[in-house]
Amino acid sequence: MEGDLAHIGAGLAAIGSGAAAIGVGNVAGNYLAGALRNPSAAASQTATLFIGIAFAEALGIFAFLVSLLLMFAV
Amino acid sequence: MATEADGHSDGGLVFHPMDQFIVKPLFGDGAVNMFTFTNVALWLLLAVACVIALMVLGTSKRARVPSRTQSVAELAYGFVYKMVEDVTGKDAVKYFPYIFTLFMFIVFSNFLALIPSSFSPTSHIAVTAVLGFGVFIAVTVLGFVKNGAGFLGLFWVSSAPLALRPILAIIELISYFVRPVSHSIRLAGNIMAGHAVLKVFAGFAAITAVAPLSILGITAIYALEVLVAFIQAYVFTILTCVYLKDALHPSH
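Chains D and E, in that order, give the protein sequences. Take the first sequence: its letter number 70 is residue 70 in the working numbering, and every next letter is one higher. Take the second sequence: its letter number 66 is residue 66 in the working numbering, and every next letter is one higher.
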């Protein structure tokens, strides 16, 4: 595969997925830490957990979108 | 689309993990136009047929002791109903049919896509964008109908210091218009990435030395994809509920 700058850019954009992974890990880890301290309140907060994960993940998805655009659209 | 058995012969992988997402006509081959019956259309129709089979046929007997199908239908109904009630509030229950339709449709498209050699319609941004922008337009119109100009209070953070409010308003406005984009791309991106990863692992199965590892990997990733298929439908639905709540109660 002969690479050009767009491919390098796509690879760089994929770093954003790793950043989103840090964010999602933060959300889930803090949820677990809170849930273990107060297990009775944990069940009521699962919806918030998923919303938080979704928002953290959205920005990683944008990075994925940028790399897709560089691969196929540019 | 199938992985080539001699994938390692020239030192590179010859299969293409993105080939599974190609939209092609089912009957004959020619250009795809608006009315071509494609593989996307087939699997969308199958998803709708499955939802109808589960909800209409499953609950048609109205047995007091539910059959297995009826229990699943009741479980799904109760699950989404409680979600709408908890997240959006009791006054939003009249929008429950829309949210439940979205949930059932996405969950069935996701799960049907996990059948080997099937097609995943929700991996296409074209499909999810229709769902996402549908929610966005519906929620925006509803917000203005219910609250009039008061809906703009969503962008005016009254708990912030006065000097900061115009800046926050711009940020809120941008984040509001990014919503349908992230809403639809999240679903499509997750499903597409998951299926592409499955294909990449399947490609490694052609190399004898790593084939057992690859098969283990496929099994693990497949299990993850089953989870993701449900969670993404759940996330899509719960975000719809959150957006609906913002439209009904825009005050910050």
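By construction, these hints were calculated from the structure, which means they are not laboratory data. Among these hints, one or two may not hold up.
[Unchecked claim] Examples of chain D residues toward chain E, derived with CB under 10 Å: (1) Asn30; (2) Tyr31; (3) Gly60; (4) Ile61; (5) Leu65; (6) Leu68; (7) Phe72.
Heads up, the beta-carbon is just placed ideally off N, CA and C, and yes, glycines get one too.
Status of each hint after checking the structure:
1. Asn30: Given a least distance of 18 Å, the restraint on Asn30/D is violated.
2. Tyr31: violated, 14 Å
3. Gly60: holds, 9 Å
4. Ile61: Result: holds, 5 Å to nearest chain E Cβ.
5. Leu65: holds, 6 Å
6. Leu68: holds, 8 Å
7. Phe72: Nearest chain E Cβ about 9 Å off; hint holds.
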